[in-house]
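A.B. asks: Each chain, letter by letter, is given below.
There are 4 protein chains.
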Amino acid sequence: MSNAGDGTIGVGMVGHAFMGRVHSHAWRTVHRFYDVPLAPRLAVLGGRDLDRTKAAAAKMGWDAVETDWRELIARDDVQIVDICTPGDSHKDIAIAALAAGKHVLCEKPLANSVAEAEEMAAAATAAAANGQRSMVAFNYRRVPALALARQMIVEGRLGRVRHVRAQYLQDWLSDPTTPMAWRLRKEEAGSGALGDIGAHIIDATQFLLGEQLTGVSALTETFVHKRPVAGDPDGRLDDVTVDDAALFIGRFASGALASYEATRFALGRKNAMRVEINGERGSLAFDFESMNELSFYDGEIDDQSAGFRRILVTEPTHPYVGAWWPPGHLIGYEHTFTHEVFDFLTHVHDGTDPAPSFADGLQVQKVLGAVETSAGNDAKWTPVS
Amino acid sequence: MSNAGDGTIGVGMVGHAFMGRVHSHAWRTVHRFYDVPLAPRLAVLGGRDLDRTKAAAAKMGWDAVETDWRELIARDDVQIVDICTPGDSHKDIAIAALAAGKHVLCEKPLANSVAEAEEMAAAATAAAANGQRSMVAFNYRRVPALALARQMIVEGRLGRVRHVRAQYLQDWLSDPTTPMAWRLRKEEAGSGALGDIGAHIIDATQFLLGEQLTGVSALTETFVHKRPVAGDPDGRLDDVTVDDAALFIGRFASGALASYEATRFALGRKNAMRVEINGERGSLAFDFESMNELSFYDGEIDDQSAGFRRILVTEPTHPYVGAWWPPGHLIGYEHTFTHEVFDFLTHVHDGTDPAPSFADGLQVQKVLGAVETSAGNDAKWTPVS
Amino acid sequence: MSNAGDGTIGVGMVGHAFMGRVHSHAWRTVHRFYDVPLAPRLAVLGGRDLDRTKAAAAKMGWDAVETDWRELIARDDVQIVDICTPGDSHKDIAIAALAAGKHVLCEKPLANSVAEAEEMAAAATAAAANGQRSMVAFNYRRVPALALARQMIVEGRLGRVRHVRAQYLQDWLSDPTTPMAWRLRKEEAGSGALGDIGAHIIDATQFLLGEQLTGVSALTETFVHKRPVAGDPDGRLDDVTVDDAALFIGRFASGALASYEATRFALGRKNAMRVEINGERGSLAFDFESMNELSFYDGEIDDQSAGFRRILVTEPTHPYVGAWWPPGHLIGYEHTFTHEVFDFLTHVHDGTDPAPSFADGLQVQKVLGAVETSAGNDAKWTPVS
Amino acid sequence: MSNAGDGTIGVGMVGHAFMGRVHSHAWRTVHRFYDVPLAPRLAVLGGRDLDRTKAAAAKMGWDAVETDWRELIARDDVQIVDICTPGDSHKDIAIAALAAGKHVLCEKPLANSVAEAEEMAAAATAAAANGQRSMVAFNYRRVPALALARQMIVEGRLGRVRHVRAQYLQDWLSDPTTPMAWRLRKEEAGSGALGDIGAHIIDATQFLLGEQLTGVSALTETFVHKRPVAGDPDGRLDDVTVDDAALFIGRFASGALASYEATRFALGRKNAMRVEINGERGSLAFDFESMNELSFYDGEIDDQSAGFRRILVTEPTHPYVGAWWPPGHLIGYEHTFTHEVFDFLTHVHDGTDPAPSFADGLQVQKVLGAVETSAGNDAKWTPVS
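Chains as they are written, first to last, in this note's numbering: chain F, 92 to 476; chain A, 92 to 476; chain B, 92 to 476; chain Z, 92 to 476.
In isolation and in its complexed conformation, chain F is listed as follows (with noise of 0.2 angstroms):
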């Protein structure tokens, strides 16, 4: 399993919606700003639709289209393949291109099911004994200032964490004239605002804390039964079977207290992943619509002067960071998607093990699981197995 030889690897992505646009922008621009040892070549794109994929891999510079992923995945050219489809694809799809020997990139959750998710982390452990890399999406962890924060609580600068809060504030739901999608159908997107945003929230405090959650009490909700089918003359409504909100409260394997939240009705927050974090000797504070901000209290600071710091993870040190501009010149979203993939090509070209794995996505997914399993139990307490 290798690279073309030329210095290049031939990506092969499925999908190209939202997630297929900013992992096309990332492919095409990794290289042009950090020194990555494989410079990515926009082989494939696949789609269902020949024309519309056509027209996407025009548009976001691929140079060829499959209408088949099995015929991507089978393709020669193509070393990586980058899953952005809806989740009840992504365990067919990564398990055949890690059968077909390809490094995988899968985005997040990992798949629609704990079950599905097994399967997956145990193909993807099978396929690195052949050399073969996997990675979930999980692009949150790689936003400058959540870098910086997991760097500052491995040097020892919160101390023993005793409280998390974290929400995940959206509000495109809000309004219940806005019409069906496919991530509101249970069988195509799993679960609702839990899958889809909880699951960030949830990989990005375990990656912060470098710990798991071992229980949840939990609940959930749909405000919104019915939706109008988008462009539907005769304003026909469809069901919408996934959450529109989540929220618990949790344990911590060190004993630290959590609450989460996931929501798209939360008016006014327009992507609000917000975490907060209480440590013996310091907190850290952090939301997404500030996202190049991190705000952090050092208790070992007088009195006096003591207080909650703006850092503008902007500077050269800071995590990803160097490659791009000058001190107080943001970034934006794709940016955390091109560190993605700038980490990922250097393990692949490396021989390392990237991360988050598969079996840190699969144990997302448990914590998933036991999220719906407390909510569809009044709320009971539950073990994350």
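There may be inaccurate statements among the hints.
Same chains, same names: a pair is fine if it fits in one copy or spans any two.
[To be verified] Cut-off 30 angstroms, straight-line C-alpha distance, at most; resulting in silico cross-link-like pairs (DSSO-like, lysine-lysine):
id: 1; residue 1: K145; residue 2: K317
id: 2; residue 1: K471; residue 2: K150
id: 3; residue 1: K317; residue 2: K457
id: 4; residue 1: K361; residue 2: K150
id: 5; residue 1: K277; residue 2: K457
In case anyone wonders, no lab produced these hints; they're calculated from the structure.
Given the coordinates of chain F, work out where chains A, B and Z should sit on it, guided by the hints.
C.D. replies: Relative to the frame of chain F, chains A, B and Z by itself:
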């Protein structure tokens, strides 16, 4: 049951620590800024130690002292009994005062248990028939920003509420060498962060929504189990017998989802009593550390210019504010108590019932009880009886 | 010149409008929170209209009234004369009070012209030899956050200062239908935004840096030249004869560059008295609309975690704060006056000179004069004499 | 003068340092997100050193290199010349490119003197008659928040503007050991903070108001006169011959008062390009360190709920934003350049004149000139000719 007939009314206050200091200020100050029908006379201060009570009375402006609260209640120059003691004495003092025909203002939480609170509420109801007024001192309702928030919700500017998130974060116990205090002993304080500060956010959110929590699922934790006895030369330790932190999720009667957290271990948060509410038409956010501000998102505004706006709640048209300073000239913590006694005096004069009543205090106690029950049963869902 | 010998000292205050209200509160309250060597007695309130003065005295807690300030000064029960009138009467009252052997606290700006201020400063100097104390009421120096800022600068935490930017932004005149008031007449107020609020930022920045402005280049503007006479049934208009806004740039003695702006037309800014200072080692920022906060950038901290930190200036170790509430429990506008009279009473008792002195007030007046001269001469550079 | 006929257009860019990096990204990326009528080909990169230019071309994706900008201009595959060099070469390159029939995009400030800018503007005017397009790269106009601000002003939401305050604060020279650079030499850079960052706030505010500054009174300062030569083993120092900071006050044609400050010594401020505007009906505030936000105060809203609102400028209806990500997903610094080349390409295709034109650049140069004249004459009021 009436006042002195000269436009004044006598107050007897029991307790002269933190709450006694701030209540004294309110009684001294209210008629200097508000047109109250009855100007308070600071008639008697009650405290167990004669010398310390005399010193406090001189400092805070009380005319006389009593070391037995029964004597204080019995005095003819006392028409209002103001209870500023730890929770374990609330019931006895309040019931005796009501029995003696006095109006009663009682610090929160109303009692140390649901059973005590029930007795008190029953006594208050009986006394109300006799023209006596009772009120629990949940002062945060009288923060102008929260009073404004309530107005806006009543006016329908939020529409149906879907989400409530409330936190009361302090950090004064984060350091394990902070000495023991009565607030950390169950027999005196009833509970820890839960009853002391959790009670405030429970009352405030129920007040804001105008409805009640129906059930909860909760976790509590004591992080530091032993603390040094203050000033003890031998360095002895005493047992902390209350929660250091409590968090729970719940539902309101209307179906709104809610999450709560009360802790004294959120390093860097000094008095962050925070409430965020998302409705169908608007959202609100508040943090007591910026207590003169209310953040409001008006969902009726066009997308292009919509955003959370920082209302500086210092306009003469804002609740309670007209009595104070010009716009932009802030008020502080103690003003909320001045507002409280202003309302209380007005109700006493007018013969109407102030809110929050002892019945309201009992209801909060039931939520506190449900939280403790749930936390003691593995976060089991517990209805608020 | 001494007090009543019983640990109290008599105050006679002239004027009972906005400043009278807030000074009254300070005199009533200071000894309830601070250990003052001399508790103030609210002896006499002076006002031109007998009925209105009597009503104000009753409301604000003054024992007696006088309609002629000369009578007030002459009374034996008055040891401190507190001047809360418009600027056009400051000189006569202050000089007469000093001549009568009284201590004098005078509202800002000290006078309506440099010439008046010079007479006053000379009188204060002469009286000081007689043990009398004089002070100008630049209350913003006693905002804890600004007092802390001064401490930090004295401690060298900013190093040599390079930049000062100060703004005092209000908006109460932005609406041209807001009626005429004495503050808009040159003969009474001396100047407009310049003397009323510009004086505060001049004093505050000179206090913070511990040095003076040496020259300025200025613009002033009157946006609305005529305003309705308040309550006039015929809708008559009156002439605004002062500046609506003043802005200037200048240099401090040490070479620091400075810019200033005072306006009552900054729509949406209610009382935004803002100061930002950049030094070689650190920077500070303050906005009175968040008066309990000081923003500090410590240049000595490593690049990776440096950032402006929000110091919540509510710790017991912060200037003036120990007398008030626990951390995170805010104070308000009127507290700055309580701090002011606390300091004044302490100096009166100790026989030491309080700051800002009348000489300091004169120096501010000279800056105001230079600004007016420059603005009247096409922004010509004008040294502060 | 036309494009290649295949829907693409060739770009030749001179300079490959900071500005070259960000322009390259824009040329590579614009057609991937926007529907441009002409997709840019990165034809030729110009640089003085062959090896370094080749390396830069490979890294940034340019097809060919030239070490003499005259050769670059002469090439048939170049239709657009993009000037990313220091200011001292702008005039020669631009005039030659225009003479050769090319479209020209030129970095700001347009030139190092008014005289140079006048020649360039004249050449651009002449070339426009020939169908050639010229534009100055004041990229901050294309920050969506500032483009939205302009829209709102045009729509009348601020009414007549009374106040403008603009600051561009950086701190990269605050440390006197930061080495010498071309930006600190007058012959190359023209001026210091004034032309580099002051030019941006001059252009941005004139753009926002749609009118020009008529006169200024200014101060400039050089705090550090000598700096180490980068990498010099003998520790030699070189002379800084430009301003470190410039501040000035001025008036707009309509009478609005304005103040400006540009400095590289505002410790802790990394790229704080800040603009605040107060009008009769509304106010706006912006800080590039939070570049995705615009703060707006709507004076038409009732007093009770009015306040500055934080518009997250990430809605599809906001200028330039529809091409990017969903609401709440931020964009960064480089996007402003992508917006710039999108507009430029559209104008080139449509045969219309883009803004800011060279004439606009000349006008900014005149303001810069007036500032320098005033600062050199004791802050004397200096009309913008």
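A.B. asks: Taking the hints in turn, state whether each one holds.
C.D. replies: Tested hints:
For the homomeric pair K145 and K317, neither the shortest alpha-carbon distance inside one copy (34 angstroms) nor that between copies (59 angstroms) is at most 30 angstroms. Taking CA atoms no more than 30 angstroms apart as the test, K471 paired with K150 passes in neither setting, with 49 angstroms inside one copy and 53 angstroms between copies. With identical chains, the CA atoms of K317 and K457 are at most 30 angstroms apart within one copy only, with a shortest distance of 29 angstroms there and 36 angstroms across copies. For the homomeric pair K361 and K150, the shortest alpha-carbon distance inside one copy (27 angstroms) is at most 30 angstroms, but the shortest distance between copies (36 angstroms) is not.
In this assembly of identical chains, the alpha carbons of K277 and K457 lie at most 30 angstroms apart only when taken from the same copy (17 angstroms versus 38 angstroms across copies).
Figure legend: structure checked against the earlier numbered hints; hints not met, in rising order: 1 and 2.
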